[in-house]
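Residue numbers (the working numbering), protein chains in the order written: chain U, 1 to 605; chain G, 606 to 1634.
No lab work stands behind these hints: they were computed from the structure.
Source: prediction; values computed, not measured.
Take these hints with a grain of salt, some might be off.
Distance condition first, Cα-Cα at most 16 Å in a straight line; then the derived EDC-like pairs of lysine to aspartate or glutamate [what the hints assert, rightly or not]:
#1 Lys-596(U) <-> Asp-1000(G)
#2 Lys-967(G) <-> Glu-946(G)
#3 Lys-490(U) <-> Glu-206(U)
#4 Lys-596(U) <-> Asp-1391(G)
#5 Lys-1448(G) <-> Glu-1424(G)
#6 Lys-1089(G) <-> Asp-1000(G)
#7 Lys-1126(G) <-> Asp-1157(G)
#8 Lys-1095(G) <-> Asp-900(G)
#9 Lys-886(G) <-> Glu-421(U)
According to the in silico footprint, chain G covers these stretches of chain U (three or more CB under 8 Å from chain G) [unchecked claim]:
#10 55–67
#11 135–146
#12 194–207
Not everything, but these chain G residues come out facing chain U in the computed CB check (under 7 Å) [said to hold, decoys possible]:
#13 Gly-881
#14 Thr-882
#15 Ser-1286
#16 Thr-1337
#17 Ile-1341
#18 Ala-1343
Note that CB positions come from ideal geometry on N, CA and C, so glycine has one too.
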Amino acid sequence: MFLSKHNYMKTLRNLILPVGIFTVVFLIPHSCEEMFGDYLEKPPGVDVTEDTIFSTRIIAETFLTSIYATGVETGYPTWDDWNGRRDTPFSSWTDEGENVASWYYSHQFNAGGLNPTSGSHENRGRWRGRFVSLRKIGIFLDRVHDVPDVTAEWKDQAAGQAIFIRALCYFDMFKIYGGVPIIDKRLGATIENPDAIRIPRSSVEETVNFIVAQCDTAALLLPDTWPSEDVGRATKGAALLLKAKTLLYAASPLSNTGDPVVPLPDQNELICYGNYDVNRWQLAADAAQAVIDWAPSGGKKLIDDREVHPEWGVVQNYYDAWHEADNEESIFAAKNIGQVGAGHTLWKGMNNFYQAQGGAMTNQNWVEKYEKRDGTPQTWSQTGGNNLAELLAELDPRFVQSVAYVGSYWNQDFPNLALYEGGVADNQPPLLGNKTGYWQRKMVPPEMRTGVGGWPIWNILRLAEAYLIKAEALNEAQGPVPEAYAAVNKIRARAGMPDFPPGLTQEEFRQKIRNERDIELYAENNRLWDVMRWVIADKTDPVTGKAILNGEIWGLRITKQPDPSTEYSYEPYVFEVRSWYPQMYHWPFQQNEVNKGYLIQNPGY
Amino acid sequence: MRKCALILICIFLCGSQSLFGQTTITGTVSSAADGSPLPGATVAVPGTPVGTISTEDGTYSVLVPAGADELVFQYVGMISQTVAIEGRTIIDIALEVDAMGLEELVVVGYGTQKKATITGSVSEINADVITQAPQANISNALVGRMTGLLTVQREGEPGESSTTLRIRGQGTFSGSAEPLIMIDGIEARNYDNLDPNEIENITVLKDASATAVYGVRGANGVIIITTKRGELGRPKLSISSNVGVNTMTALKENTPSYPYALAYNEALRYNSYTTGTYIPKFTEEDIELFRTGEDPIFHPDVDWMDLFFKKNALQTNHNVNISGGTKLMKYFVSAGYFFQEAGFNDDLTSLAPGFNAQHTYKRYNLRSNFDFNITKRLTASLQIAEQIDRKKGLDTGYLLDKVFNMPPWPSPGIVDGKIVNVYDIYGGDILERFLGSGYRLFLNNYLTTSLRFDYDLDFITEGLKIHTTVSYWNRASDTKNYSKNVQTYKPLRLEDGTILYASQNDDQPFGYWERSGKLRKNYLEAGFDYNRSFGNHNVGGLLLYNQSKLYDPNLAFVIPNGHQGLVGRVTYNYGLRYLAEFNIGYNGTENFAVGQRFGLFPAYSIGWIVTEEPFFPRNNFITYLKIRATYGEVGNDRIGAERFLYRPTSYIFDEIVANDKEAQFYYFGIPGSTWQQYQGSFEGTNGNPNLTWERAQKTNLGVDLTLFSSKLNISGDYFYEYRDNILAFPQTIPNILAAELAPQNWGEMENEGFELEFTFRDRNNDLSYWVNGVYTFAQNTVLFQDEVQRPFTYQNRTGQSAGQFFGLIAQGFYNSWEEVNDAYRPVAQTQGNRIMPGDLKFKDVNGDGIIDQDDQVPLGYSSFPEVIFGLSFGANYKGFGLSVLFQGADRVSRYAGARMYRPFAWESAITQYINDHSWTPERYANGDPIEFPHLSADGIQVYSYQSSSWWIQNSRYVRLKNVELSYKFTSESLLKANISSARIFLNGHNLLTWDNLWPGDDPEQFTSGSNYGYYPITRTVNLGIHVSF
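From just these sequences and the hints, can you work out the full model?
What follows is the structure in structure tokens.
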């Protein structure tokens, strides 16, 4: 077929369009070779690599910040990836208190619902969350020496902080589980060799030794104090106190024994030392003394110089010790959360006044632990009485600084709490589901109101505990020696309480120092772990004769006596019966994690 | 490339031809059945570009070149005829109706094919059935109409009521199982908001042979929607108008306050076995006041569902369209409006003047489709379509959860036009929530435009065409939020007994914010199409290039989503008897690493039309029999994970990302002075450089059979799919590694099933009738997913269907303390083994004496049905028409674990049914029917509520899905008024349901989560009229 002349033009016209289309489609955007090459986007560059992070001090510090963010656990009720879900303050998980809202996890725990498949406790155990922190610490310690624009001192202090937080994470796991896998470096993140990361549990002894060694190293690296803008970073004192606390736990009956509550056949070393050694107590006492000795160089002392609180009429030393941020007594605190308003979810389950979704109550079991101001026990009628206001007014000054009760002052919105049946005052809602007759005051900033925020800074370690550790450990190591008396009396004196009576036996001193520790550290996330390490969770409290974590939990029914009386009648009643099972002294690992084949489950699960 | 172009030019130059000496032939094309003229029939001279189209009265006139000896007459739905000219100048022709559908065209990927020669698995439905369903969403209209389509509708909220569609079930357990949606050849991101009146037909491509051309996106099947186009003829105006009402298919009924209080106290009494104490929540006095109703403010009794919902919610739908065409241009222009309101009580909104919180959905649809004949060889199509969605509402799920679960006593609701709140309970006052949290106006504007050119390259070689398409899609979205604090009151009883209402807060002005966003997509396609017959050898081919890019014009840092690919197809048949087809997709996406971006997806198929064989006896019993087999591979790049996972491990040091991802802040300094927030950085997901698409290998065997003089059509398919490279996260790595590992392409799954369809049509004088049945079964099995080995093999999820329910086996109740105290009874791990009569008895599957997670076994199915079937039938008699669809699902389960099934667990309400059917010693003693365990308050007694066969229910159902009754007016007077047809119809959707569930449950609806309530599925009754001019 040849082109004939007279339809040449026509053919040409016919060609314009296809050729045009073809040109547009193929020639303009592409050449033949790169037909598929450049239309799809080039992969976006990786802007920030590990090298970037450790290229300057400023950026490296952000990585250290994130170690704090995930590794330091606040005691406030939170719900996020790294802190896990704790919808109630820890006091609700013990005889310290109870939470109004019925759907919170604390109720499951109190009913004995601790098992390897329920997720509720796992959010406290934070198995993964803590190892996320440990991985970060591993990476940080790997690379901190590569940061070019810093001094050797900066590197030491930075490493010291990471190592301290590593110790803190391990201490928390030790008290929950016993011995755990020790990971002191970054693990290779590969799915090809899973066996290399199936690291088994270490023994209790290895775990304790590891924590202590981390604390020792951190103490060498960390400064005594930080400049104002860095307050909140770990100090030498924090490492020393964490060491003392670790040794106290290690020396306590739960670990310092060859006869665990529920044995783990042939593997008891994962949950206890395997023998009793009295010297472990002495180590704890010495470590506590080291904190007390260090305190002046860190600018720390017990708060003992405060004014009388205008509404409560007691010296507010104790109140300021938990309420005032970064006070002289605070050694290490969690600062994960900025200033938040009264409506913040953080306060759900805690602040009963502005959120009304479950407030934290104090149990009558706990209130009865408070001595009178003369150091003698308070007399409570178990059938009730007409003098509640009088009984409460007689209690240890720390009581009103810890617990809000009927007729007491909360803040200007609620100057006179109407915590009695049918009580309505000052636009205050009725009982709001209160069952015990008390609200937990401690750890809830009372200045917080609608539109006025609070600072949720949670004290993890404070100096008072060093004295309590020293007194408890010395009594165990040597009996009620004068040094033990001196330590505990220092705590009592600044609270406005008389000294321990002289001439106590070791056992008497033991009961009194334990009660002292309970009162002083109320609602600071110690009680649960203390009754576990003392192995008394299923016993009754020696002071009150009431249940600890197993048995009847009491509240008061309060009625106002007719005007002009300012008294209230009370009637104790059991609002709950809690359950504790022997295996709960060591918490279970999640079943799914055990099924991966590297963890030996704790006994009884 | 330039070289390529030169070669092409040469080909073009050689392809021209000369024309000499012409004759004109005229005539009429009519239907052989009734002799009526056929306008728009094609009259063509084979082997030449010459041809014409018959006019409105069926006449035609064509200039036939010398040497031509045949004319071909074609008309949609009729059998084409080739007629020898034999020197005639007038040729009248009567075409036979194509009862077997031999000439019928079916839309396939990037083109159409004759139905007779298709070897792949394709099903389709036409416009009339879609418009029969008075539904907001197209997807809701497809249910039960087509084989291979498994569906479930989870909720009925206006604007959110679409049906989840799965073509042949679920082939992947982790990636997206959503089918690819193509509208008029262009991938669409949304289709549910099309106006049904715009749609010509919907085709579903199911097997690899049909979807291979979509390559990396074809694994989940493809839904192709074709919109209407103009036809030759005078302008035709069509108006339809619908008004309907929606009612909820299922709503539970909660108890009033008096039985509530009694039951709550009873529940607390049962709890006392676990808690040790019994403290009644309601005193005798409270209960008496609830009973008498004498104290309606402090002891109220409110039926919240009654207060919040009205019986009937309005729905309207209107459409006007005009279509027609001349030789130069054909057009279809349509405008539609759809309105649907939720069933909230309008009276409530009057409590906050100027603030209408009723949830509504409005939609405006505009479409214009133009086809131009520019020259004999060149045609162009221009489409402009727009959908505007306006949804008004806020937090429906949260609000409904409160409405469903709010007990009747804590608030009197509305007193004298005031919102009164007495007791605070979790979630606060729902009226305040409904009105106070305000409403949000979601505005989405979708614009789709496309321009396509087709050019006939018959001067190169006959049957060759080239086309190109460009398309632009734009979504503009805007959200406006209005909120308002409404005034609430708290009642105070004064000493003299009068009640004072104290205002709790002041009425505040409106709060308002707004935000908007944009998304755009460009698409370009160009390709060659070839179709030619050489004697008995019929060949076809397609070669096509396409590319698309989706981007956000406002956010330059967001890397656009790109796709690019080549499509190829070769079809061959010998004498319409032996069919063979080869399809190929070669395409890639930027989601994967360079070097792994492009994949080749081939599919092969063969078919044999047995009835065309010479040896097959011609008879009226079997008129058509085709056997088909296909095999191919397709991919799925929507693997359900972050993009760019193939990159090396990155660290995240970006405020926006970090903020979004997790709490990564910390504070140092002293509050009030040096206190400051510090930003953290952290290790991101570890990269997986080998990341690639899911690969599906699909096999399909099918039979098409036509019986009894083409009255009965039967079609059946068996399919098997094996999918690997499913992106799945490592599960067995210990958590102590604590690194974010990228998912791996290592999951494997298979999916197998069959489909059957039959259609019977017949006519008896004025009565024509039809019956159609569709049945689809698809069952998947997870073959590999890096699962942690559980202690007992029956607990493994691998080897089960994706989403298989697991639970304990319930064996009735413990009915007495003797049974509970039996020393040989298995120990309950939960609740400290403190169980009681009225608790469920679970089977100790592993025989270890403990009821725990190890006793959980696979129960029932998953929540997505394995079987969907539909049976529809209809008849037309004179002007009357009736069409009925029954639709059902089988092999499907649901978990009744929501709070509505656990009364009082979160201080929530109790339904009347549960109150009447829960275990009590009296009911047990009386032998009354018991369907629930003993009551329990505050979520204390959780033992009986563990996942078990008691709560995992068989949720199969049959629905009267759709009924339409219509009458078509055909009177002369209408014609005089220039009305060519008028039709009124009454139709209904979801009219009746048969299932095994408790009252107030809908089998398809999600059982609500703990803080989320789903808007019930609705029943629609609709009256409409359709008039054509």
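task: Would you mind confirming whether the straight-line C-alpha gap from Lys-490(U) to Glu-206(U) stays at or under 16 Å?
output: violated, 34 Å
task: Tell me if Ala-1343(G) is really an interface residue toward chain U, meaning its C-beta lies closer than 7 Å to one of theirs.
output: holds, 4 Å
message: Given Gly-881(G) as an interface hint, is its Cβ closer than 7 Å to any Cβ of chain U?
response: holds, 2 Å
query: Can the hint on Thr-882(G) be confirmed by a CB-to-CB distance to chain U that is less than 7 Å?
result: holds, 5 Å
message: Between the segment 194–207 of chain U and chain G, are there enough contacts, at least three residues with CB-CB distance under 8 Å, for the coverage claim to hold?
response: holds (count 4)
- prompt: Count the residues of the segment 55–67 of chain U with a beta-carbon closer than 8 Å to any beta-carbon of chain G: does the count reach three?
  reply: holds (count 6)
query: Are Lys-967(G) and Glu-946(G) close enough, with their CA atoms no more than 16 Å apart?
result: holds, 8 Å
- prompt: Hey, Lys-1126(G) versus Asp-1157(G), does the alpha-carbon distance stay inside 16 Å?
  reply: holds, 9 Å
- prompt: Within a Cα-Cα threshold of 16 Å, do Lys-886(G) and Glu-421(U) meet the stated pairing?
  reply: Roughly 13 Å between the alpha carbons, so the hint for Lys-886(G) and Glu-421(U) holds.
Restraint status (C-alpha distance of Lys-1095(G) to Asp-900(G) at most 16 Å): holds, 15 Å
message: Check whether the Cα positions of Lys-1089(G) and Asp-1000(G) lie no farther apart than 16 Å.
response: Holds. Lys-1089(G) to Asp-1000(G) sits at ~15 Å (cutoff 16 Å).
message: Ser-1286(G) was flagged as interface toward chain U. Is the shortest Cβ-Cβ separation under 7 Å?
response: Status holds, d = 4 Å.
In this structure, the earlier hints numbered 1 and 3 are contradicted, and the remaining ones agree with it.
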